[in-house]
Amino acid sequence: MERDSFNLGEDMKKELVDVAASKSFNSMSILEDIKFKLHENEFLVIVGPSGCGKTTMANLLAGLLKPTSGHITMNGEEVDPKVHNISIVFQEPSCIPWRTLWDDITMGLQIKGADKKTIEKRGKEVIKLVGLDGFEKYFPKQISGGMKQRVAIARAYATDPDFLIMDEPFGHLDAQTRYLMQIEIMRIWEKEKKTVVFITNNIEEAVYLATRIIVFSKLPARIKGEYEINLPRPRDLTSLEFLKARAEITEQCEVVG
Amino acid sequence: MEISGFHRIRGKMEKNTGMEKTKTVGYNVLSLFGFLFVWTFVSWLMQSPFFPSPWLVFKAFIDLLIEGDIEDVKLGMHVVQSLLRIFGGFGAACLLGIPLGLLMGLYPRVYDSTKAIIEPVRFIPPVAWIPLVIVLLIGFSRFVFVIWLGAFFPIFIGTLLSVRGVNPLHVDVPKSFGASRMYIVRKIIIPSVLPDIFTSMRVGLGIAWECIMAAEMIGGERVGIGIMILKYAQLIRMEVIIVGIVIIGLIGFCLNEIFILVEKRVFRWKEIVSI
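In the order they appear, the protein sequences are chains A and B.
Be aware that the first sequence starts at 1, since it is given in the numbering used here, and climbs by one per residue.
Be aware that the second sequence starts at 1, since it is given in the numbering used here, and climbs by one per residue.
No lab work stands behind these hints, which were simulated from the structure alone.
Just so we're clear, the structure is a prediction, and the values are computed from it rather than from any experiment.
A couple of the hints might just be wrong.
[Claimed, not checked] Calculated pairs, DSS-like style, for lysine-lysine (alpha carbon to alpha carbon, straight line, at most 27 Å):
| no. | chain 1 | residue 1 | chain 2 | residue 2 |
| --- | --- | --- | --- | --- |
| 1 | A | Lys137 | B | Lys264 |
| 2 | A | Lys148 | A | Lys194 |
| 3 | A | Lys116 | B | Lys187 |
| 4 | A | Lys117 | B | Lys187 |
| 5 | B | Lys187 | A | Lys148 |
| 6 | B | Lys187 | A | Lys128 |
| 7 | B | Lys231 | B | Lys59 |
| 8 | B | Lys270 | A | Lys148 |
| 9 | A | Lys148 | B | Lys264 |
| 10 | B | Lys270 | A | Lys137 |
| 11 | A | Lys193 | A | Lys128 |
| 12 | A | Lys193 | A | Lys124 |
| 13 | A | Lys137 | B | Lys187 |
| 14 | B | Lys270 | A | Lys141 |
| 15 | A | Lys124 | B | Lys270 |
| 16 | A | Lys194 | A | Lys128 |
| 17 | B | Lys187 | A | Lys112 |
| 18 | B | Lys187 | A | Lys124 |
| 19 | A | Lys121 | B | Lys187 |
| 20 | A | Lys141 | B | Lys21 |
| 21 | A | Lys112 | A | Lys137 |
| 22 | A | Lys194 | A | Lys116 |
| 23 | A | Lys224 | A | Lys66 |
| 24 | A | Lys112 | A | Lys124 |
| 25 | A | Lys141 | B | Lys264 |
| 26 | A | Lys66 | B | Lys187 |
| 27 | A | Lys141 | B | Lys187 |
| 28 | B | Lys187 | A | Lys82 |
Use the sequences and the hints to build the structure in full.
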């Protein structure tokens, strides 16, 4: 059933990231022979059971960890945050407590040496995008969990990354906020057309967002399956095709049975 | 209303922080008077020269302030001299402890390779050094050294542990944008450890007071709170001894309050719980 609705026209897009890597910590194997390619404007979702090495995958893609063997390249070069314009949204709340939301959100721009005018302009744009305008001078302790995650997303978007990694970004949110954030992230993705790797253990979320889904196995993680999702957007969570896709991937994930 | 098993169904909680503060001050004044009353009462019961009343202590305080002690050294001089020694030793402890703690926190190798020196020295009480200090050092440097010994380790260890405890995620955020190590140290590590450094400085200051009393009571000098207490201990003049003790407590209290005030100002981003 893999790649059952293959679409050549979509896949002709430029290849951006090439992954062929294994990772182990000490002698414990986490990721085994993970191979996939990522094309521009793709929204790739990685799903897998919890504790299967998805966060390790995210950190490898962001260049924060190095693979034990193999390679992860972006435009043919080894992935490196000092060279490539990458952003990552971490799973855990990552607001910097002593920075105001404004300083936090524009941190990437400051590090990358953007001039004052650009920081001002882009900062305002992304703050508006995630609906936090008016909260620029607030500290993280003064805002809610959902807002903190939006800060992290705004910060990741601010640098206009060529490659955006999101590691279970909505994992800590309640169902309602999560749903709203999914709609929001789709709106932003459709508007700014970034290349995204989105990690989650929520299959409904995966089918709702993805252009392609990769399924990880239990630890040590291998790729168990890959799906192309071509359902029209905005996707209807109750449509027959949606439910079919969801059921099949769920089965693949060993969540059922 | 998150704490307890009840909650308000409707109605606004009136919270007047100005009012709250006045109340707190009021209760403190009340309990202070209560304490003074009990003290007076007990001293009246005892009728002993070794148990002076608050009034006698207060008179001794005024005398010391205006007339000076048996060697004509005024109370102000004693306080200033002790404070100078404190700030000398405490300053030296900060100047050495904070950078060393940062360095060894950032490069655990340095700490691991010098652990055999640092750790045993840490457990030697400053008082144990005093006989050595009496022989080797004289005057001001003697006090500075003993205070430095006492205040250095809490500050050094506090800083070191704090650097190691920096949230790795806060480091990963700038790293993921390609930040330099310099940026991470300046913008993440230092701001993150500053509150802990402040706390360990307060701890160090408390120990500095303990050390100066021990060092001053060795004798050999004429001025200093500890020396003043010692002079009158030999004369068994309890009211003056109590003046000295109370002064030490009050100065420590004031310094601590100043620290907390600064902390609250500087670390507005943090919920500060300080004692």
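Hints and how they fare:
A C-alpha spacing of about 18 Å is found between A/Lys137 and B/Lys264, which places the hinted pair at or below 27 Å, so the restraint holds. For the hint pairing A/Lys148 with A/Lys194, the CA-to-CA distance comes to about 22 Å; that is within 27 Å, so the pair holds. Between A/Lys116 and B/Lys187, the direct Cα distance comes to roughly 18 Å. Compliance with the 27 Å bound is thereby established for this hinted pair. Distance hint between A/Lys117 and B/Lys187 is fulfilled; the C-alpha atoms sit about 22 Å from each other, no more than 27 Å.
Annotation: proposed proximity of B/Lys187 to A/Lys148 holds, straight-line Cα distance about 20 Å (limit 27 Å). Restraint check for B/Lys187 and A/Lys128: the C-alpha separation of about 26 Å stays at or below 27 Å, so the hint holds. A distance of roughly 18 Å separates the Cα atoms of B/Lys231 and B/Lys59; the hinted pair therefore holds under the 27 Å criterion. Of the pairs offered as hints, the one joining B/Lys270 and A/Lys148 holds, with about 16 Å between alpha carbons and a cut-off of 27 Å not exceeded.
Between the alpha carbons of A/Lys148 and B/Lys264 the distance comes to roughly 23 Å, so the proposed pair stays at or under 27 Å and holds. Of the pairs offered as hints, the one joining B/Lys270 and A/Lys137 holds, with about 15 Å between alpha carbons and a cut-off of 27 Å not exceeded. Annotation: proposed proximity of A/Lys193 to A/Lys128 holds, straight-line Cα distance about 18 Å (limit 27 Å). Annotation: proposed proximity of A/Lys193 to A/Lys124 holds, straight-line Cα distance about 19 Å (limit 27 Å).
Of the pairs offered as hints, the one joining A/Lys137 and B/Lys187 holds, with about 18 Å between alpha carbons and a cut-off of 27 Å not exceeded. With a C-alpha separation of about 8 Å, the suggested pairing of B/Lys270 with A/Lys141 holds against the 27 Å cut-off. Restraint check: the Cα-Cα separation between A/Lys124 and B/Lys270 comes to about 26 Å, which is no more than 27 Å; the hinted pair holds. Distance hint between A/Lys194 and A/Lys128 is fulfilled; the C-alpha atoms sit about 18 Å from each other, no more than 27 Å.
With a CA separation close to 14 Å, the supplied pair B/Lys187 and A/Lys112 stays within the 27 Å bound. A distance of roughly 22 Å separates the Cα atoms of B/Lys187 and A/Lys124; the hinted pair therefore holds under the 27 Å criterion. Restraint check: the Cα-Cα separation between A/Lys121 and B/Lys187 comes to about 23 Å, which is no more than 27 Å; the hinted pair holds. Simply put, A/Lys141 and B/Lys21 have alpha-carbon atoms about 24 Å apart, close enough for the 27 Å limit, and the pair holds.
About 22 Å separates the Cα atoms of A/Lys112 and A/Lys137, which keeps this hinted pair within 27 Å; it holds. In summary, the hint linking A/Lys194 to A/Lys116 is supported, as the alpha carbons are separated by about 24 Å, within the 27 Å threshold. As the CA atoms of A/Lys224 and A/Lys66 are separated by approximately 23 Å, the hinted pair is consistent with the 27 Å bound. The suggested pairing of A/Lys112 with A/Lys124 holds, with an alpha-carbon distance near 17 Å, which does not exceed 27 Å.
Pair hint A/Lys141 plus B/Lys264 holds up; C-alpha atoms about 15 Å apart against a cutoff of 27 Å. The hinted pair formed by A/Lys66 and B/Lys187 meets the criterion: a straight-line CA distance of about 25 Å does not exceed 27 Å. Restraint check for A/Lys141 and B/Lys187: satisfied, since their Cα atoms lie roughly 19 Å apart, inside the 27 Å limit. Proposed proximity of B/Lys187 and A/Lys82 is supported: the alpha carbons are some 17 Å apart, at most 27 Å.
Hint compliance for this structure: every hint is met.
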